[in-house]
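Listed below are the residues making up each chain.
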Amino acid sequence: MTYTDIRSDCTLEDASVGSVMEEDTFRAFYERTARGLWVYLARVTGDRQLADDLLQETFYRFLRAAATHDSEAHRRNSLYRVATNLVRDARRRGLTRAHASLTGDDIERLPSGVDAAATERVTDVTRAMSHLKPRERAMLWLAYAEGASHREIADVLGLRPASLKPMLFRARRKLAALLGRAPDEAKP
Amino acid sequence: MKPVECRFEAEALSAVLQSRWPQRVDAPLRAHIAACAICSDVVAVASAIDDARDEMRARAVVPDPGRVWWLAQLRARREAAKAVGHPITVVQAIAFACAVGLLAVCFGASSTWLQSELSWTTAAVAEFKIQPLLPSAKALIAEHSALLLAMAALLFLVPAAVYLAVLRD
Numbered sequence: 319m320t321y322t323d324i325r326s327d328c329t330l331e332d333a334s335v336g337s338v339m340e341e342d343t344f345r346a347f348y349e350r351t352a353r354g355l356w357v358y359l360a361r362v363t364g365d366r367q368l369a370d371d372l373l374q375e376t377f378y379r380f381l382r383a384a385a386t387h388d389s390e391a392h393r394r395n396s397l398y399r400v401a402t403n404l405v406r407d408a409r410r411r412g413l414t415r416a417h418a419s420l421t422g423d424d425i426e427r428l429p430s431g432v433d434a435a436a437t438e439r440v441t442d443v444t445r446a447m448s449h450l451k452p453r454e455r456a457m458l459w460l461a462y463a464e465g466a467s468h469r470e471i472a473d474v475l476g477l478r479p480a481s482l483k484p485m486l487f488r489a490r491r492k493l494a495a496l497l498g499r500a501p502d503e504a505k506p
Numbered sequence: 064m065k066p067v068e069c070r071f072e073a074e075a076l077s078a079v080l081q082s083r084w085p086q087r088v089d090a091p092l093r094a095h096i097a098a099c100a101i102c103s104d105v106v107a108v109a110s111a112i113d114d115a116r117d118e119m120r121a122r123a124v125v126p127d128p129g130r131v132w133w134l135a136q137l138r139a140r141r142e143a144a145k146a147v148g149h150p151i152t153v154v155q156a157i158a159f160a161c162a163v164g165l166l167a168v169c170f171g172a173s174s175t176w177l178q179s180e181l182s183w184t185t186a187a188v189a190e191f192k193i194q195p196l197l198p199s200a201k202a203l204i205a206e207h208s209a210l211l212l213a214m215a216a217l218l219f220l221v222p223a224a225v226y227l228a229v230l231r232d
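Top to bottom, those sequences are chains F and R. Going letter by letter, the first sequence gives residues 319 to 506 in our numbering. Going letter by letter, the second sequence gives residues 64 to 232 in our numbering.
Worth flagging that the hints you see were computed from the coordinates, not collected in a lab. Please note that a few of the clues may not be correct.
To be verified - Stretches of chain R that chain F covers, calculated by requiring three or more beta carbons in the stretch to come under 8 Å of a beta carbon on chain F: (1) 98-109; (2) 117-129; (3) 132-140.
Glycine included, C-beta positions come from ideal geometry on N, C-alpha and C.
So that you can see chain R by itself, here it is in the shape it has in the complex:
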């Protein structure tokens, strides 16, 4: 198997990184680097990259540390405020859903018509007679279509509102 490293590799690299290559390197190491494909690659690549790094680093324009710190603090504060607001939105959505549920329960409890219809429907379902239900259902839909539509809409709107509120955060 072809070797992928040489025991003098680190020494060769140090010589380049410490700017000792090629003048201030011992003759034996220089001779080894000339003969070793791995070390000569290391020296060639490290020298080229080291030169380029120094040139690029000298000309790199980076923002002021104070500005980076300030922007980071600002962003962290904004994200923290958002994170605090998130549970409030969820609680508000849950409270809204509870209120709707409570209204529905109150309506159900106070409406004698709904009570009678419900008991009649329960009895009809228990007897497995679907036929007598149809006229009643038709009448119910015809008389209270707006209410039924509103309830159906609520069934979609409440979960959608919760989902959107959570998504927005």
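Chain F extracted, bound-state conformation:
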């Protein structure tokens, strides 16, 4: 489910929007967001174990904030902002791997018997993304995996929307080059 899907879901009646979250609402929200958030965390940190820890911490802090949200998209933005801040803190404390040494082996560790082509696709993206800075990974993932708008990405990453466009452009050029479209432009 992408941000776009979430927006269309908002046309449904959601009694929880605008109020502090109850357990049932939390369960439903968690079901909708946890997998996507875990993948985002794993992708940005490059570490499954850390992604597991940060997932729990993100939901805890999100609940503790007990904030009210105007819409499902707003709520989701808040969740991703909490997660992004936690990744930033983990990086400051040296809990994440340096981007240059990230191989993504942890992320692509998949159960046996899965489709080899699918594994290869994940591996290619993981390897290419490992050459990007964590912020570049985050903005690309939000834009192209979650379908977030520029405003939403800027909000989650704490950037000005105006400065996001050139940053996203550069990150995208870099990743496209790393994925093999123009190898001469790859500058890890």
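Place chain R on chain F using the hints.
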């Protein structure tokens, strides 16, 4: 200046995210994407990331929502209990410091020796004569060294105890 966005970018991205690329995309848009460096980057990057996302999401193992909720409630309760205990510790430390101060005042008020020494010291200081003080100070230190040491220790211990109590919380 090199352009950083294209007006067809959103359309190209939608085509990928809605799994319409490349078969179910209009010919003009397909032709534009082939010719536009920005849109072709968007399609290449979005396609690769979209595939990887679906694979990773399908295999992501996340904890049960009930467990996450329960752990969050437990942790919130523990933190709330800690927060309630915090002012009690501070009040206890302040009460201890007050008690020590009160003891010192009582001692000062009830000790005639201290009173006489204090008035004599005040007079000596007022006259700026330091010489006569020395023998008296020596005597005071010699006779009450243990008491003086205890008072000096208290001066350090009380603030340290308060600091540690606050730090622990």
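Outcome of the hint check:
Counting residues of the stretch 98-109 of chain R whose C-beta sits closer than 8 Å to any C-beta of chain F gives 7, which meets the bar of three, so the coverage hint holds. With a cut-off of 8 Å between beta carbons, the stretch 117-129 of chain R has 9 residues touching chain F; three or more are needed, and the interface restraint holds. With a threshold of 8 Å between beta carbons, the proposed coverage of the stretch 132-140 of chain R by chain F holds, since 5 of its residues qualify and at least three are required.
The structure agrees with every numbered hint stated previously.
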